[in-house]
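Colleague: We have chain A already, so just place chain B on it with the hints.
Number of protein chains: 2
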Amino acid sequence: MIIGFTGAGLDRMDQLRLNAERLAAAIAHDSARLLALAGLDPVLGPDGRLAWDVIDRSEELILLGFDGDAPLFAPLREGQIGGAAFSMFRVLSEMDGRDAAIWGAARALNEWHARHRFCGICGGRTMPFRAGWARACTGCNAEHFPRVDPVVIMLAEHDGKVLVGRQPRYPQGRYSALAGFVEPGESIEEAVARELHEEAGVLATSVRYVASQPWPFPGSLMIGCIAPVAAAELTLDLEELEDAMWVDAGDVRAALAGAPDAPFLAPPPYAIAHSLFLAWLAERS
Amino acid sequence: MIIGFTGAGLDRMDQLRLNAERLAAAIAHDSARLLALAGLDPVLGPDGRLAWDVIDRSEELILLGFDGDAPLFAPLREGQIGGAAFSMFRVLSEMDGRDAAIWGAARALNEWHARHRFCGICGGRTMPFRAGWARACTGCNAEHFPRVDPVVIMLAEHDGKVLVGRQPRYPQGRYSALAGFVEPGESIEEAVARELHEEAGVLATSVRYVASQPWPFPGSLMIGCIAPVAAAELTLDLEELEDAMWVDAGDVRAALAGAPDAPFLAPPPYAIAHSLFLAWLAERS
Numbered sequence: 001m002i003i004g005f006t007g008a009g010l011d012r013m014d015q016l017r018l019n020a021e022r023l024a025a026a027i028a029h030d031s032a033r034l035l036a037l038a039g040l041d042p043v044l045g046p047d048g049r050l051a052w053d054v055i056d057r058s059e060e061l062i063l064l065g066f067d068g069d070a071p072l073f074a075p076l077r078e079g080q081i082g083g084a085a086f087s088m089f090r091v092l093s094e095m096d097g098r099d100a101a102i103w104g105a106a107r108a109l110n111e112w113h114a115r116h117r118f119c120g121i122c123g124g125r126t127m128p129f130r131a132g133w134a135r136a137c138t139g140c141n142a143e144h145f146p147r148v149d150p151v152v153i154m155l156a157e158h159d160g161k162v163l164v165g166r167q168p169r170y171p172q173g174r175y176s177a178l179a180g181f182v183e184p185g186e187s188i189e190e191a192v193a194r195e196l197h198e199e200a201g202v203l204a205t206s207v208r209y210v211a212s213q214p215w216p217f218p219g220s221l222m223i224g225c226i227a228p229v230a231a232a233e234l235t236l237d238l239e240e241l242e243d244a245m246w247v248d249a250g251d252v253r254a255a256l257a258g259a260p261d262a263p264f265l266a267p268p269p270y271a272i273a274h275s276l277f278l279a280w281l282a283e284r285s
Numbered sequence: 001m002i003i004g005f006t007g008a009g010l011d012r013m014d015q016l017r018l019n020a021e022r023l024a025a026a027i028a029h030d031s032a033r034l035l036a037l038a039g040l041d042p043v044l045g046p047d048g049r050l051a052w053d054v055i056d057r058s059e060e061l062i063l064l065g066f067d068g069d070a071p072l073f074a075p076l077r078e079g080q081i082g083g084a085a086f087s088m089f090r091v092l093s094e095m096d097g098r099d100a101a102i103w104g105a106a107r108a109l110n111e112w113h114a115r116h117r118f119c120g121i122c123g124g125r126t127m128p129f130r131a132g133w134a135r136a137c138t139g140c141n142a143e144h145f146p147r148v149d150p151v152v153i154m155l156a157e158h159d160g161k162v163l164v165g166r167q168p169r170y171p172q173g174r175y176s177a178l179a180g181f182v183e184p185g186e187s188i189e190e191a192v193a194r195e196l197h198e199e200a201g202v203l204a205t206s207v208r209y210v211a212s213q214p215w216p217f218p219g220s221l222m223i224g225c226i227a228p229v230a231a232a233e234l235t236l237d238l239e240e241l242e243d244a245m246w247v248d249a250g251d252v253r254a255a256l257a258g259a260p261d262a263p264f265l266a267p268p269p270y271a272i273a274h275s276l277f278l279a280w281l282a283e284r285s
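Those protein sequence lines, which keep their order, are chains A and B. In this text, residue positions in the first sequence follow the working numbering: the first is 1, and each later residue adds one. In this text, residue positions in the second sequence follow the working numbering: the first is 1, and each later residue adds one.
Hints should not be assumed to be uniformly reliable.
Claimed, not checked - Computed Cβ-Cβ distance ranges for the label pairs, DEER-style: (1) Thr235/A with Gly39/B: 38 to 44 Å; (2) Ala36/B with Leu281/A: 47 to 53 Å; (3) Trp52/B with Met245/A: 40 to 46 Å; (4) Gly79/B with Ser87/A: 44 to 50 Å; (5) Ser285/A with Ala231/B: 31 to 37 Å; (6) Ala36/A with Gly250/B: 51 to 57 Å; (7) Phe129/B with Gln167/A: 19 to 25 Å; (8) Asp56/A with Phe181/B: 28 to 34 Å; (9) Gln167/A with Gly79/B: 35 to 41 Å; (10) Arg284/B with Glu239/A: 46 to 52 Å; (11) Ser206/A with Asp67/B: 22 to 28 Å; (12) Ser285/A with Ala282/B: 43 to 49 Å; (13) Val91/A with Glu94/B: 51 to 57 Å.
Unchecked claim - Covered stretches of chain B, as calculated for chain A (at least 3 residues, CB under 8 Å): (14) 5 to 18; (15) 176 to 183.
Claimed, not checked - Heads up, incomplete: computed chain A residues facing chain B, CB under 8 Å, no partners named: (16) Arg12; (17) Cys119; (18) Phe145; (19) Pro184; (20) Ile188; (21) Glu198.
These are calculated hints, taken from the structure and not from any lab test. Glycine is no exception: its CB is placed at the ideal position from the N, C-alpha and C atoms.
Bound conformation, chain A alone (with noise of 0.2 Å):
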């Protein structure tokens, strides 16, 4: 199964970050390359691949790691918030996995400069660090590390069928799994009962893990699990969902072959809902 936004296999080489002559020698290195972007959007060649720029050394610069010996760079544009575009998402889907990986680690990170600049703790200027991967604070030296945000994304289960909801955002047709950020104090079983408890109005009798994926708008794991439920009757938070249904397998084969007669549109491969309806219907056959 494929997973969007994995499989980069780059060495992240974390004992580089502090290592300030090894760090200087990678990005002396003949094979040194930065990533081109748009602002925090991909920019790709006449291949469709990533494109890659000699390093510019006027740049401040993320090390994403080493492809073989080739140690890989993206610019740390601390004062950009990347919004997520139509257009962007258009691009996203007829990328190359890999490319999509190493990509969505340079937003990701890119997003969490420009939302950290400053310390909560003292509101004092903070500076980047770690090659990238880390800020320290100006003021009270305080160290702050990048934001993961655990979301959890999961498809309920009643006689052969599942759960999928509209959100008001989506494009139309589409319908997907339901999700939630993972708050603190709880598990991610307790986190998915909670979240199709209070969206949906559904029991959770068990929780089963699948899947995960890094999410970049702005800087999610998404934790994929489907989760049997005791009771099929729905009580939607409208507020949420402006609609949800149940499907059997035939319609969720014929939502992600984009079939005309589908009852839903399908979310695209690169989202994990897709790997999750992978998933459920190869658990079935």
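Modeller: Quick look at chain B alone, frame taken from chain A:
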């Protein structure tokens, strides 16, 4: 399997957090209670259970959730950063599991408030809202939500044995599962493989998820996995681990039982490493 800091069993009532009228009614409810805290540490009554006070309206309040009809609150003490004293860990070993989960949520939220008094985007002062589950910037109006840091914690497995490591800060004799923060741009499975390679030089051939746990020091989501590795040879990162060793099922059983001749001191039952050892033994029986 009992997993530490889970099983609070409260209805968090997300829909009340922004509803001023219903929130006021909950605060005024006859059975509303306020968690007693010493700093951020738990206070136990004569029965060994969490102590609760009547609502103190001079305190800023966090809505923890409803225990049946009873609305439970915790004081919001945004100046206070906890630390984790040995005395508190001793108390935890003796606490009721449900109490530990309820207190853990209060602790993690308070730690988050203390570390987010200022806005990372503009440096302005932030103030709590959503009944303690968010902060808003008085400068740029940005909304900030509680941070939960996903951490992978894993047993590498080879030839009927699992890998345990020792960090310099551990109590004497203690060994545990290896662990590390999930970084932007990687899945759970990729983080497990990266950490095992960085810290011990072993190559994961697959990763299976076992269980998860919130860890309120200050606010992690521990994601427990088991990962078969290609070979037993170790190359330790001596800045992370001062020692590591392969142990078999008998060793693990002896350690969990606290046997005097056990080859290592096991992590305490409220740590998910303990649950991981139990899950691994259960798979083999």
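Colleague: Please go over all the hints and tell whether each is borne out by the structure.
Modeller: Status of each hint after checking the structure:
no.: 1; hint: Thr235/A with Gly39/B: 38 to 44 Å; verdict: holds, 41 Å
no.: 2; hint: Ala36/B with Leu281/A: 47 to 53 Å; verdict: holds, 51 Å
no.: 3; hint: Trp52/B with Met245/A: 40 to 46 Å; verdict: holds, 43 Å
no.: 4; hint: Gly79/B with Ser87/A: 44 to 50 Å; verdict: holds, 45 Å
no.: 5; hint: Ser285/A with Ala231/B: 31 to 37 Å; verdict: holds, 35 Å
no.: 6; hint: Ala36/A with Gly250/B: 51 to 57 Å; verdict: holds, 56 Å
no.: 7; hint: Phe129/B with Gln167/A: 19 to 25 Å; verdict: holds, 23 Å
no.: 8; hint: Asp56/A with Phe181/B: 28 to 34 Å; verdict: holds, 29 Å
no.: 9; hint: Gln167/A with Gly79/B: 35 to 41 Å; verdict: holds, 37 Å
no.: 10; hint: Arg284/B with Glu239/A: 46 to 52 Å; verdict: holds, 47 Å
no.: 11; hint: Ser206/A with Asp67/B: 22 to 28 Å; verdict: holds, 23 Å
no.: 12; hint: Ser285/A with Ala282/B: 43 to 49 Å; verdict: violated, 29 Å
no.: 13; hint: Val91/A with Glu94/B: 51 to 57 Å; verdict: holds, 56 Å
no.: 14; hint: 5 to 18; verdict: holds (count 6)
no.: 15; hint: 176 to 183; verdict: holds (count 3)
no.: 16; hint: Arg12; verdict: holds, 6 Å
no.: 17; hint: Cys119; verdict: holds, 6 Å
no.: 18; hint: Phe145; verdict: holds, 7 Å
no.: 19; hint: Pro184; verdict: holds, 4 Å
no.: 20; hint: Ile188; verdict: holds, 4 Å
no.: 21; hint: Glu198; verdict: holds, 6 Å
Going through the hint list in order, the structure does not satisfy hint 12, though it satisfies all others.
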